[in-house]
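Asks: Okay, here's what each chain looks like letter by letter:
Number of protein chains: 6
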Amino acid sequence: MKLLIINPNSDESMTQAILSSATRFSRNNFDVSCLSTPGAPPFIDTYQDIAAAMPGMAELLHKHEADYDGFIVACHCDPNLDLMKESTDKPMVGIGEASMKIATMLGHRFSVISTDERSVPNKEALIRSYHLQDLAASVRSPAPAWADESEHNQYLLTARAAVDEDMAEVIVLGCAGMTGLDKRLESELGVPVLDGVVCALIIASGLVKYQTSTSKIRRYR
Amino acid sequence: MKLLIINPNSDESMTQAILSSATRFSRNNFDVSCLSTPGAPPFIDTYQDIAAAMPGMAELLHKHEADYDGFIVACHCDPNLDLMKESTDKPMVGIGEASMKIATMLGHRFSVISTDERSVPNKEALIRSYHLQDLAASVRSPAPAWADESEHNQYLLTARAAVDEDMAEVIVLGCAGMTGLDKRLESELGVPVLDGVVCALIIASGLVKYQTSTSKIRRYR
Amino acid sequence: MKLLIINPNSDESMTQAILSSATRFSRNNFDVSCLSTPGAPPFIDTYQDIAAAMPGMAELLHKHEADYDGFIVACHCDPNLDLMKESTDKPMVGIGEASMKIATMLGHRFSVISTDERSVPNKEALIRSYHLQDLAASVRSPAPAWADESEHNQYLLTARAAVDEDMAEVIVLGCAGMTGLDKRLESELGVPVLDGVVCALIIASGLVKYQTSTSKIRRYR
Amino acid sequence: MKLLIINPNSDESMTQAILSSATRFSRNNFDVSCLSTPGAPPFIDTYQDIAAAMPGMAELLHKHEADYDGFIVACHCDPNLDLMKESTDKPMVGIGEASMKIATMLGHRFSVISTDERSVPNKEALIRSYHLQDLAASVRSPAPAWADESEHNQYLLTARAAVDEDMAEVIVLGCAGMTGLDKRLESELGVPVLDGVVCALIIASGLVKYQTSTSKIRRYR
Amino acid sequence: MKLLIINPNSDESMTQAILSSATRFSRNNFDVSCLSTPGAPPFIDTYQDIAAAMPGMAELLHKHEADYDGFIVACHCDPNLDLMKESTDKPMVGIGEASMKIATMLGHRFSVISTDERSVPNKEALIRSYHLQDLAASVRSPAPAWADESEHNQYLLTARAAVDEDMAEVIVLGCAGMTGLDKRLESELGVPVLDGVVCALIIASGLVKYQTSTSKIRRYR
Amino acid sequence: MKLLIINPNSDESMTQAILSSATRFSRNNFDVSCLSTPGAPPFIDTYQDIAAAMPGMAELLHKHEADYDGFIVACHCDPNLDLMKESTDKPMVGIGEASMKIATMLGHRFSVISTDERSVPNKEALIRSYHLQDLAASVRSPAPAWADESEHNQYLLTARAAVDEDMAEVIVLGCAGMTGLDKRLESELGVPVLDGVVCALIIASGLVKYQTSTSKIRRYR
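Protein chains in written order, with the working numbering: chain A, 1 to 221; chain B, 1 to 221; chain C, 1 to 221; chain D, 1 to 221; chain E, 1 to 221; chain F, 1 to 221.
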């Protein structure tokens, strides 16, 4: 089995970090590649970023569709995911969708840790589009008061506030760029911390093995 | 990796059918066993059946917890699943929860095919407990008028009505006893048909591999 | 009319307290008894406690069904209530369900006062299972900072925070063990405070008098 | 204990029918009176009818508030109920609210039988205002094709369609004018059939006995 | 085109303020009048105030229906709006409904600024009756601690808290008496601030020009 | 005031039809233009169509932003509307959003008439993204059995089924290509029929006149 992870941005170091997490998880069960999106911005934050990433994502899919058994979109806002699901008969999994839906199986409510306050409403809209709003405790970004802390500490404080104040029982890392932070945060927090890249690999590899995929009868025909 | 599937009823032939589907899916990726529940009724339909299965399910878990890496409850009404999640630190997955949540990743709305009308409200209550009610097109059981058809045809007609009249895009087999019907129905219907046993294996094996499990901070402590 | 209150735990002093509240309310309108559940744990908190109480609750119902006109389950998490409703044709009322639904008739939103933080998500899940989530202001337990206060004061402070900060207009006592605290808290808070035991007696005695009971057509057949 | 039932319309024969049902239920537990509303229209159907009934309802309450312990508004659309709750410190119960909330304790979903199609959306809006929309199977009025049937048969056919096609498990009589039809329909249908007048008496007499009433802290101050 | 704004209270100075805002907006596109409601209380806060305003509102409509092309109810709790929509075939717009629905087109979530805490639950009930509860960040009234601030500052602080703490992106002025505060607050806050009077004029004048109006088939017949 | 309507497809005849409806409505109140989208497909149906229209829509906005006071996206699936709102400080209105939200002010529930069954789930997803799902009676497309009827009759039969069977009280034309059908259908059906182009003009011209626009604080910054 061969899976392709599409990093919707053009940041090669993030692509390498994603690939590193992915290969650590896949071990020798399946092959996995990760590609940056040509022409995409270095970071996906706004609707304009999503639009700018679109042509390159479509191009990557078109070029590599025959060579892989399944695909992953590795940005936690699941940019252009409806389009990508529609554009192939093979399994197409978003790291936002996969991680938040797996989170609902592991505890009462999950919180998403986001990089900045600006993306909070967009993530809330995404959560609602998946009908998960009543299972989400909160979307949280680091407080401005913590600006002097290390990045790790900022996320730790943010996640701890979600667990203590918002009653979250599971933490979802809300950015592909946070890949690899899961296990250290998990041990510090005492609750599951989910890396979207790994969650998407669980679903995508499972669907490939099960030989099933997106329904093509109406919405994604 | 070793997974144990707990069949909450005492029907040994159903246990064998579940095991057969499970081993066909697992291939050589992981080991899987399936055990009938001692003292349980032959079929789980009512709340009394669920209660009657409880002591045996708890006993199976207690006896085998150390020997397996993850567990599956293989009845589509997810009987005693909250109890089972609370009772172990290892991954515990219900076939109802896993199949319906995976279904939401594959199409606009899913329908559950149930064995009989009596269980429809119970399945609706389960769907709601997972917050999936707006993603479910319907829960359907074979119409009395089809009583002379073969069992396969009854389920086919039921699923087709769900696809055509309720606008379902994915079909979920609503009983562990339907295991193995997925691929033939899928080819006849032209939409994904999900076997809960396989879906639960995807999630359970993924969680074991990811070394994460149920949050133990509050609800399932 | 004879009503039996089943205390799902084995704490005889709680049974006496419940009976005392019940007889104070019933006066000479109907007879009421209360029994502890044999084999049950002393307090119902976890899913394991609920499971451990189940055989004794079923036994109590079986043994006394013919002698009473209606039944009450007197633990605010309504343990095994679906099973109990299914197991008799006579009225079966949970103190959680009765008190929260009556609360919705008395004000804009209600809050449930719970004994400890651990049970908050479980109570939220119960509230949701009754479709009451948008009518509930909050589920609150005493803050750790109040540990030196008397038990009464802890509940008073908790309820006041619910009224002032969460905008609750009605308080529901979230544990049968709080029975009898209602009127003093009510006079201190200035809002209705509901004891689930009394609320369940209102509903159960009313159903018996009305000669109606649980529908036996599908879900509770 | 003395309860006053306010019939919001001016139809004296309906007032007598309501009183007859009420006294049959109350037996010797409490006293109950029923008064027609002066100046109100003979039937409450439109928002104009509700407005026209308002001054008379307020007048009845003002005139009789001191003489009774609790009050019931006996029209299934609960006309001016928020106003009436606000206007007295004593228990004020609507037959729509009481019957639909008790219905939710007796089965999976309830249906309301309405006199005519025009009132269906208004009843749906009422159901939603009580947050009961997901617990209601349907609001149904007799089909035009049944116009030649007796009134009883029309309601029977309507209720049967609700049970069979909409999966209702409990039937709520959606008009005070249907009072007294409950037990015959119940025996014909095999599911509970609730008369709002009786349901409101259960709640109102219970609240009076419990010495609690509407919260006066904010919404109904 | 001639529009009549009905101020449901009897405060002539508020009527003048509303008219002033309305004529500033209408410029020479349409004619607009505003009338106080005879017999109404000076301020609409409680359900009794709404009831007291009803006869005068109905009288105003009856008297002036032929002379105007469309009507506006200018109190943010939309008092008697269902009645008013039912009572005329011409467009009838509430400032609460119009402003909150336009707010949803301008940002992720809106907050309503209310004059006092008592009206918060009533406004929440109104928001829910329009199915807007998931689009509303909060309903907020000035904190008691700000009592020494100017009225303008109190609303500014309230709105700022809604933007910063509740993540509101649009502010809705929750009282016709706040008319005219929109543009100064907008420049101070940096987010859209909506005056219900203007929003209702946008909708009402648009409906008149489009020659469409309330559906008269069932609910408002 | 100058408004630009962006027709997201490249069908010049549809552009002319939209412009014709728009100028008929605008009369001499404001200037309105309509442009086809360069490089877009002739009809917007799939997610690929939406993606293919995106660069041309962005280009149109960029090129003409300075020359117009407000903008309308004239395809009923509101393609790329979040992107367009983010990309300008001036009012940006979608015909889907405007028409469905105005519909909710005119009756109990609305139905959307769609061109074909394939687009039904996509429109349902759109309705949900605006939180309108409980206010929508249905999304309906012409039945295959009506294929021999004229296009007008097919839409008439579809709308009538929505009114009679789904209890719709307002009809929304679910495609910009249906522009101009509103008034004839309205007279045949007896309920309001809304043309999205006109509805968007009401909102956009109102916002321009009110000098307010999309909030730029977070989601659309």
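Honestly, I wouldn't trust all of these hints.
Repeated chains share a single entry, so a pair holds when one copy, or any two copies, can fit it.
Here are the computed lysine to aspartate or glutamate pairs in the EDC-like style, where the Cα-Cα straight-line distance is at most 16 Å [what the hints assert, rightly or not]:
(1) K63 <-> D82
(2) K101 <-> D134
(3) K216 <-> D148
(4) K2 <-> E117
(5) K183 <-> D67
(6) K101 <-> E186
(7) K216 <-> D134
(8) K216 <-> E151
(9) K183 <-> E165
(10) K216 <-> D45
(11) K216 <-> D82
(12) K216 <-> E188
(13) K216 <-> E117
(14) K63 <-> E151
(15) K216 <-> D164
(16) K2 <-> E65
(17) K101 <-> D69
(18) K216 <-> D11
(19) K63 <-> D134
Keep in mind that the hints were calculated from the coordinates and are not lab data.
Asks: Hint by hint, say whether it matches the structure.
Replies: So, going through the hints one by one against the coordinates:
no.: 1; hint: K63 <-> D82; verdict: neither (19 Å within a copy, 28 Å between copies)
no.: 2; hint: K101 <-> D134; verdict: both (12 Å within a copy, 15 Å between copies)
no.: 3; hint: K216 <-> D148; verdict: neither (50 Å within a copy, 27 Å between copies)
no.: 4; hint: K2 <-> E117; verdict: neither (36 Å within a copy, 35 Å between copies)
no.: 5; hint: K183 <-> D67; verdict: neither (32 Å within a copy, 24 Å between copies)
no.: 6; hint: K101 <-> E186; verdict: neither (18 Å within a copy, 24 Å between copies)
no.: 7; hint: K216 <-> D134; verdict: neither (29 Å within a copy, 20 Å between copies)
no.: 8; hint: K216 <-> E151; verdict: neither (42 Å within a copy, 26 Å between copies)
no.: 9; hint: K183 <-> E165; verdict: neither (22 Å within a copy, 31 Å between copies)
no.: 10; hint: K216 <-> D45; verdict: between (30 Å within a copy, 14 Å between copies)
no.: 11; hint: K216 <-> D82; verdict: within (12 Å within a copy, 26 Å between copies)
no.: 12; hint: K216 <-> E188; verdict: between (43 Å within a copy, 14 Å between copies)
no.: 13; hint: K216 <-> E117; verdict: between (37 Å within a copy, 13 Å between copies)
no.: 14; hint: K63 <-> E151; verdict: neither (36 Å within a copy, 41 Å between copies)
no.: 15; hint: K216 <-> D164; verdict: between (43 Å within a copy, 14 Å between copies)
no.: 16; hint: K2 <-> E65; verdict: within (11 Å within a copy, 34 Å between copies)
no.: 17; hint: K101 <-> D69; verdict: neither (22 Å within a copy, 22 Å between copies)
no.: 18; hint: K216 <-> D11; verdict: neither (33 Å within a copy, 27 Å between copies)
no.: 19; hint: K63 <-> D134; verdict: neither (39 Å within a copy, 36 Å between copies)
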